[in-house]
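Sequence lines, in order, name chains A and B. Start counting the first sequence at 567; every next residue gets the next number (the numbering used here). Start counting the second sequence at 1313; every next residue gets the next number (the numbering used here).
Check each hint, because a few of them may be wrong.
Simulated DEER-style distance windows between Cβ atoms [said to hold, decoys possible]:
no.: 1; chain 1: B; residue 1: 1557; chain 2: A; residue 2: 736; range: 49 to 59 Å
no.: 2; chain 1: A; residue 1: 588; chain 2: B; residue 2: 1416; range: 51 to 61 Å
no.: 3; chain 1: A; residue 1: 637; chain 2: B; residue 2: 1472; range: 52 to 62 Å
no.: 4; chain 1: B; residue 1: 1416; chain 2: A; residue 2: 848; range: 50 to 60 Å
Which chain B residues stay away from chain A? Per the calculated CB distances, all over 12 Å, these [unchecked claim]:
no.: 5; residue: 1463
no.: 6; residue: 1476
no.: 7; residue: 1611
no.: 8; residue: 1722
Per the computed footprint, the stretches of chain A lying under chain B, defined by three or more beta-carbons under 8 Å from a beta-carbon of chain B, are [unchecked claim]:
no.: 9; stretch: 611–619
no.: 10; stretch: 634–646
no.: 11; stretch: 655–668
no.: 12; stretch: 766–780
no.: 13; stretch: 945–957
These are calculated hints, taken from the structure and not from any lab test. Fair warning: this is a prediction, and the values are worked out from it, not measured in the lab. For glycine and all other residues, C-beta sits at the position ideal for the given N, C-alpha and C.
Next come the chains, spelled out residue by residue.
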Amino acid sequence: MPLDQKAAGRTPRRLLTSLAAGERRRLGLAVLAGSVAALLIIAQMALLAWLVSRLLVAGDELASLAAPFLALAGIQLLKGVALYAQETLAQAASRDIRARLRAELLDHLAALGPVRLASRHSASLANQLVEQVEVLDGYFSRFVPQLRLAVLSPLLILCLVAWLDWLAALFLLLAAPLIPLFMALVGMGAERLNRDQFAAVARLSGHFIDRVRGITTLQLFGRRAAATEEVQAAADDYRRRSMRTLRVAFLSSAVLEFFSAVAIAVVAIYVGFGLLGYITYGPSPELTLFTGLLVLLLAPEFFQPLRTLSQHYHDRAAALGAAEGLVGLLEETPDPVRRQAADSPVGESLVELEGASVTYPGRGRVLGPLSLCLAPGEVLVVTGPSGAGKSTLLQLLAGFVGPGSGRRRLAPGIGLAWMDQRPLLVQGSLAENLRLACPEASRAQMHRALVRAGLGELLAALPEGLDATLSERGVGLSGGQAQRLALARVFLSQAPLVLLDEPTASLDADSEACLVEVLAELAGEGRTLVIATHHPALMALGTRRLVLEAGQAEEGDHAPHG
Amino acid sequence: MRHMAEHHSLIATLGPWFKLLGRRRTRLAVGAALMGLTLLSAIGLLALSGWFITATGLTGLLLAAGVAVSLEVYVPGGGIRLFAVSRTLSRYLERLYNHDTVLRLLADLRARLFAALSGLDGHALSRRRASDWLNRLTADIDTLDSLYLRLLAPAVVGLLALLGLAAFLALWSPTVGLASGAWLLLGWLWVTLGQARLGMAASRRQVDDLEALRARLIEQLQGLAELEAYGGLAEHRRRLATIEARLYRDQRRLGALVALGNALAGLFVGGGALLALWLAAGAWEAGRLSGPLMVMMPLAMLAMSEALAALPAAFTWLGATRGAAERLNALEARSREPVAADARTAPPPGPLSVALSAVTLRYPGALTPALSELSFTLAPGERLALCGASGAGKSSVAGLLLRQLLPDAGRITLGGQALGDWPEAALRERVTALTQRSDLFDDSLAANLRLAAPEAGDGELWQALAWVELDGWADSLPAGLATRVGEGGRQLSGGQARRLALARLWLRDPDLVLLDEPFAGLDAETVAALAPRLDAWLTGRSVIYLVHQLGVGPFDPPGVERQLTLVEGRLREA
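Chain A extracted, bound-state conformation (with noise of 0.2 Å):
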């Protein structure tokens, strides 16, 4: 099922422990390769010990002990292999949960469309789908199979040391359940600093993008030093808070690590007075060099899944952290009447609005309500003073948006062309811009299309054609340009319904009236064209005019003056 279907009433911890569940299998095996290392680790220390006191105690030859340092060595070997499958098969897992957990949030961002995101940063967002599903790996690869090895690892431990010399287990015992209270107590305070913290990189990604895509008008102000300082200051900001989230998060490990050593320390103390004679309570006179060696080296190894756990407890917070963010988005649910399949016109009408109005939240109602009527090969020119909703308008026609109330009309199956004030450039080929539009395109279709729309002599002038890269070697656009080329993609769809918000916003006089001159051409065949402008030439190309004011219609359909 679709994550954005399951969204509700969600929490990062849930959007976790969900997409872990898609991968339990390996997971499970990588589990199972890190218990059989925490065997084979067990079984080295025990050998050690042993051998120490062959030596030392049975007062054994070392030439004699050749075969147990071989076998020591075998099990090292053995031992590595196992953390190898563990750390390999973990990876994977998390490999295959981001890539789809990718897909299922560009799914989601296509779904809400190109009105709803516009109100967001396109760098934030961007950054919420590489870095913080990146983030998600620690999480997956590191974490999970530690959490469940943290438990599994010491318990085996704990056994063998009881078995061994129940006093020195009971030492271990008591310090170990304190610490995962410990730790919860501090993660929790951490998991909530690292919700700032990722709040404060998402403001400080936008920050340096918008002042870097504004980086010509800070020259022409002289603001370079200024903006240099603020920059400065927003990533002083930035250190604040991660300290503050770090101050606490580094508690955690300390807590961890002031039990283990301490434990260490009490069990060298116990196993070495008891070894004396000194200590005659319990199990104590039964310790030999073997046992008491053997509960020293053990002991460290009884709180490593537990360090380690917690150096991986940044992985976990910090995955929580971006998973908020992911599960804020995946939350947003996508306009339910901008994605049901718009009913059928009764009539001949290529488009139809009834009583549609727009409304968005924090700025009420910016269109509407509106009706409206399109019959195929109509050129409706949209005129009014900016802001009073020419672009809304055209985004509902579009589908971008939902009417809030009314009804929007489309014939079944009709494709749409689109071109607004800021044309899409993709890093690739012309070729490729063009295709977006109509990806079978054949070369000298798209040549002529870009013919059509005045970039004729460019083509000419270049030397790879419809090969040159764009935002490559120099070969970039102006703006006129790019708005040229959105024009040839235009021209190049099939679409019979054409919207065009101020498509001449940066066009001179000749390319206006070249263009005019095609517009008239595409309508000619049949096209529906809905043209918001300013210009009295496009103006003059209506076969019908709307007035917006407010989002109103204030003069209904009527022809053109002249």
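Following the hints, put chain B in place on chain A, whose structure we already have.
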């Protein structure tokens, strides 16, 4: 550029950043010392405990056999407790202190890089995209942060610790000290240099691939309208998938390498302990070593695992740090320092004259020059309209006059003084431009206006808004001047953004004004109201309009005295 970078050695690439680290030498040394102390405590704790247990065990056996011996237990007992406490304390302090250091370095780095970016010329700026920059500013610097905390300090401290341990063991048994020291050194070389070499190419690519992924994503997010309308989303998703596949393939390789490094680090430590025990036992049999010391040696080796544990992962990823450093180096190399203020070159006050003589400008890689041997003059206070189609060279002229581009040939003077000699601050104060794209920042209305006049009070800002007839609209907003305008001003309509940019102009008092299509995107009514105001404000200043053409009625900018037309980088003959 990539090809050239291959020839730069690792040291040369990281050199400037080592130098930057050097400025905080003391902090770094203290941090490393704390790291060393932590390691020392860990080794000491386990080694001393092993010694103690063996000594007590052997003494206990003798006592049981009725031999009268005694063992001093309080000094080793105290030592064990001391190591236990110092290990905890130094670890906590070390981590806190070092992270603070790193974040301080990061703040410095971010500011340094932003300063470098703001010194880039128009060529460099136009050829880079905002998403690349974001990556440069955050990810690259974040990657470089691993230089000290993840690479340099642990490697150096680990090396010193293993040499120190070998020397310490050699005090009791030179054979054990030398052999285990050599063995551990081999391990250290593998987990640092060996891992770095094997992981170099793949980890260097990671940054590029993440950057490519991010760039493609931003493309998709910003162009979603067109992609959705044309049904081009699936095709774009395929592009993303290709990058992702490459990313994951390298991650698999790197992950396997790290796992191998970790397993080998464990083997080196465990094998070292085994080696130490074997040699120490030999020395013990020969009577050169006591039993407790013999046990102490392998235990001290086992504790060395703390010194090597973090190194394989950090060094496998060295390529990422290297790649980041390479790109930052390339960026910094292109940056220009601003021309400093100089009293001798202070230009005369009043409206500025402009003179271009035989100016040629060529964009790197372009087929034809953007401007060829262009010459024209502007008298002080004159209003000139420079006409031409898009791509004719108008923006290049503006870029030259604003010193964002440098001419390949020819001479430009402002107020009779060579443009290159103008102090940066004076140039920015006296020359103002309304560019084709009005940059608005994701900040409040007030902050966007104050960009032009940092000292302006709210009253002045309202006046500026009234001047472009935005005061009524701003007043109707719940947050008023504090309303945020969104990324690139997206919360505003195109016309509102343009008027805000005009209001910003009004807040300044320049002597030369460059206006690129001042009324673009505005409706006729607004233009009718604004044109006379603009006309009055421009009086007494030199003005160059950059327009497609004149004669478009009310959209013509006010008060044009002279007109020049650019065609493909040359003036059209009158």
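For each hint, the structure was consulted:
Our hint of 49 to 59 Å for residue 1557(B) and residue 736(A) holds, since their Cβ atoms are close to 54 Å apart. For residue 588(A) and residue 1416(B), the hinted distance range of 51 to 61 Å is not satisfied, since their beta carbons lie about 41 Å from each other. Take residue 637(A) and residue 1472(B): their Cβ atoms lie about 34 Å apart, and the range 52 to 62 Å is violated. Separated by about 53 Å at the C-beta atoms, residue 1416(B) and residue 848(A) satisfy the suggested range of 50 to 60 Å.
Every C-beta of chain A lies more than 12 Å from that of residue 1463(B), the closest at about 18 Å, which supports listing it as non-interface. With a least beta-carbon separation of about 20 Å from chain A, residue 1476(B) lies farther than 12 Å from that chain, consistent with its non-interface assignment. At the 12 Å boundary, the C-beta of residue 1611(B) falls inside the reach of chain A, the nearest C-beta of that chain being 8 Å off. Look at residue 1722(B): its CB is around 20 Å from the nearest CB on chain A, clear of 12 Å, so calling it non-interface holds up.
Note: the stretch 611–619 of chain A has 3 residues with beta-carbon separation from chain B under 8 Å; the three-residue rule is met and the coverage holds. Chain B is given as covering the stretch 634–646 of chain A, and this holds because 7 residues of the stretch bring a CB closer than 8 Å to a CB of that chain, at least three being needed. Counting residues of the stretch 655–668 of chain A whose beta carbon lies closer than 8 Å to any beta carbon of chain B gives 5, which reaches the threshold of three, so the coverage claim holds. Look at the stretch 766–780 of chain A against chain B: 11 of its residues bring a Cβ nearer than 8 Å to a Cβ of that chain, three or more, so the hint holds.
Check result for the stretch 945–957 of chain A against chain B: holds, 6 residues qualifying (beta carbon to beta carbon below 8 Å, three or more required).
In summary, the numbered hints that this structure violates are 2, 3, 7.
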